[in-house]
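> Model the full assembly from the supplied sequences, consistent with the hints where possible.
Note that the protein sequences, when read in sequence, are chains F and P.
Sequence positions in the first sequence follow my numbering and run 1483 to 1747.
Sequence positions in the second sequence follow my numbering and run 1478 to 1969.
No lab work stands behind these hints: they were computed from the structure.
Just so you know, even glycine gets a beta-carbon here, dropped at the ideal spot from N, CA and C.
Some hints here could point you the wrong way.
[What the hints assert, rightly or not] Far from chain F, by Cβ distances over 12 Å, these chain P residues were calculated: (1) 1526; (2) 1527; (3) 1584; (4) 1589; (5) 1596; (6) 1616; (7) 1650; (8) 1664; (9) 1728; (10) 1756; (11) 1802; (12) 1803; (13) 1808; (14) 1895.
[Unchecked claim] Output of the computed footprint for chain P on chain F, the stretches with three or more beta carbons under 8 Å from beta carbons of chain P: (15) 1564-1572; (16) 1588-1595; (17) 1625-1638.
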Amino acid sequence: MSYTARAESTAELFNTGMLELEHVYKSFAGRTVLSDVTLVVPKGATHALIGSSGSGKTTLLRLTLGLIPFEKGYVKINDQPLSSFAPSEWADRIGYVPQDGGLFPHISGKQNVALVPGLRNWPAARIDARVEELRVLVGLDKAILARFPHEMSGGQKQRVAIMRAAMMDPPVMLLDEPMAALDPLIRSTLQEELKSIFRSLGKTVLIVTHDLGEAVFLAERITLLHQGRIIQTGTYRELFLTPADPFVSLFINAQRSLPDVSAVA
Amino acid sequence: MRLCMLLCALMIGNAMAAGKPIVVGSKIFTEGYILGELAAQTIEASAPPVPVTRKLGMGSTGILFQSLSSGAIDVYADYTGTLTEAIIKNPALKSLPEIQAALGKLNLVMSEPLGFNNTYALAVRESFARENNIRTISDLARVSAVRMAFSYEFMDRADGWPGLAAAYHFAVPPKNVNRMEHSLTYQAIDQNAVDVIDVYSTDAKIRKFNLRVLDDDRAYFPVYQAVWVARKEFVEKYPAQWLALGKVAGTIHVDTMLDMNAAADIDKRSYAQIAAQFRGARPLANDSLASRLLHRTLEHLWLVAISLVFSIVIGVPLGIAAVRFQATGQAILLLSAMIQTVPSLALLAFLIPLFGVGTRPALVALCLYSLLPVVLNTFTGIRSIDPRHLENARAFGLNSRQILLRITLPLASPMLLAGVKTATIVSIGTATLAALVGAGGYGAPIVSGLSLNDVPTILTGAIPAALMAWLAHALFEVLGKVLIPAGLRVRP
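The following block contains the structure:
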């Protein structure tokens, strides 16, 4: 039994995952994109799914969001399979933060944040209270929310997008490359803040990224995806010290300016 | 497409059912306009009072006959020779009772002749006539070495020059008989380049160039007596009005008609004034340029606005469908592009059998022409949206309707609005053609101005149309500020 499988079965035995992918298979036009992917993110944990482009991580993200069907396996939240929900119910269980924030350009930050609760007929007072609560939490200036996306900085867009994802209070949040478009200086401050935001929200978080630095800094555990298969799941320390496959070392060494192993662990 | 036509037809049908005025039509040349106006004023002055709608300058006999049959118009003026040839299709019929009986079978009623015969005739310079002492065509046939210029039609018709030459035993060498564009023959005779031309007996240019019309002493030319033609239903429903029209019969002498045509073509007086003067009445109070302009503006706006509403209601869903269904989409785009290539006159001609004349076919045509910019811009607008926005909306749990209304249409709105703007401005221009089928608007003075070769009259239609297009442009600038979401207006 491989290291990966042992780690997963331990998680299954002792800690029911809030977000679980079980033996997921996906192929496009006969070409296998994901093969037997099993991933368990325990309640309250921050987990990173990492892989280079073409590894299948975007497909995994999309099927987790219910955007594309898959052939075999389950995606479950709190032990309930995705297929048992209507699309809108599913969306209320996973808060999604697209790459670059993905704010709709035609409406203000506030309107972006209030879009889904507005469609669910929340009273205005309730929406305002929730927006204010999240605004303080993500540390965003009130005036920024009134702006249109093209008038915001990259970091401001990310904060608004996180507010939008958290509005319906979903147990799970899914972030796609949250730092990719950011200036390196802003990155480091936002990384700190994101960590504290995740802690305050108490959400189960899955970050999908190609950047090991981002994964190591934000997530407790990392899953490395390569050619549609999970190569290894563990802490950065485990991946670094006991690679399950030569590719793990190759991947780690290919990434530059990594933090020292002793600093993370 | 068919839906578009159907909707337009239903709309207008309902609008028409509301009030039922008497509708007077007319042919599309000066004399037709004057007689149409005369009929309208005669009915307006009759008791009991009935409202009158003028649909003047509609086209040729074929269109007017169809309009009479379908009830789109009630009465108009035509000529006995045209009726036997184009409607009864039996040119052998000569006597008035025979013609009346034949029209009766078609549910039409013909009045007594109005008093003049508008047929082919030969005309010579007044001075030439005096020098050679010519009054009749027989007199002319005796003069040797006469130079002639005839229109192509007159040269080619069996009842034109070939038959005439035989009937009167003309002995003119062929080189003396010139074949020319009709409008140029007047210049030719005026400058003494030729001595004889063919004319219509009531043509205003006879007065303008001081020509003498020769008597057809052997009664060679067919008779084209002007008469009123009406639907039987109209005559039964409005006997007083038909009687009033009947009193005009026999009162319009050929010289009177020549004077009236000259007043319109040469003195550029309005048809309404000419008709009013003939009736001995004062020109109608609402004949002022301002009130005519207001009336035409309302007609034009109505045409543009209604057709635009339909093209949006039909075009936007078609554009959305074109994005959603690939193959169907290409078919929709191709079809709306093909409609655009149909010449407007051909389209109108095609629509008349389906929708009659007046506002209805004009609206359908305008609606069809507006379709392409609306469909194409809706399609392009939606296709140019970053697909990630649409996928994100799905990930947030929005359903198809919510995505369309909250995301797709707002993001496509600048493009969509540009399409509607193009459609509007094109419609304002194209709507001037609506006058060809009697729908009025700014096209009415343009069409009658063209028939009179009267530039000022053309301009009273063309300038307001250009102004309306400019105003529409300004209106869309304002609409853009209201309708396009604020986040899309300023780009960094």
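> Each hint should be assessed against the structure and marked as holding or not.
Hints, verified against the model:
For residue 1526 of chain P, the non-interface assignment is confirmed: its Cβ lies about 57 Å from the closest Cβ of chain F, beyond the 12 Å cut-off. The Cβ of residue 1527 of chain P lies farther than 12 Å from every Cβ of chain F, with a closest approach of about 56 Å, so its non-interface assignment holds. Residue 1584 of chain P, annotated as away from the interface, keeps every beta carbon of chain F farther than 12 Å; the closest lies near 61 Å. Residue placement check: residue 1589 of chain P keeps its beta carbon more than 12 Å from all beta carbons of chain F (closest about 71 Å).
Non-interface status of residue 1596 of chain P relative to chain F is upheld: no Cβ of that chain comes within 12 Å, the nearest being about 70 Å off. Look at residue 1616 of chain P: its CB is around 85 Å from the nearest CB on chain F, clear of 12 Å, so calling it non-interface holds up. Look at residue 1650 of chain P: its CB is around 82 Å from the nearest CB on chain F, clear of 12 Å, so calling it non-interface holds up. Annotated as non-interface, residue 1664 of chain P keeps its C-beta farther than 12 Å from every C-beta of chain F; the closest such distance is 65 Å.
With a cut of 12 Å on Cβ distances, residue 1728 of chain P stays outside the contact zone with chain F, its closest approach being about 70 Å. Consistency note on residue 1756 of chain P: stated as away from chain F, and its beta-carbon is indeed over 12 Å from all of that chain's, at 64 Å minimum. Under the 12 Å C-beta cut-off, the non-interface status given to residue 1802 of chain P relative to chain F holds; the minimum distance is some 20 Å. Consistency note on residue 1803 of chain P: stated as away from chain F, and its beta-carbon is indeed over 12 Å from all of that chain's, at 17 Å minimum.
The beta carbon of residue 1808 of chain P is kept farther than 12 Å from every beta carbon of chain F, the shortest such distance being approximately 27 Å. Even its closest Cβ contact with chain F, about 16 Å, leaves residue 1895 of chain P beyond 12 Å, as expected for a residue assigned away from the interface. Coverage of the stretch 1564-1572 of chain F by chain P holds in this model, with 4 residues showing a Cβ closer than 8 Å to a Cβ of that chain against a need of three. As drawn, the stretch 1588-1595 of chain F meets chain P at 3 residues by the rule of a beta-carbon pair under 8 Å; at three or more, the given contact holds.
Against chain P, the stretch 1625-1638 of chain F contributes 4 residues with a C-beta closer than 8 Å to a partner C-beta. That satisfies the three-residue criterion, and the hint holds.
Violated hints for the displayed structure: none, as all numbered hints are satisfied.
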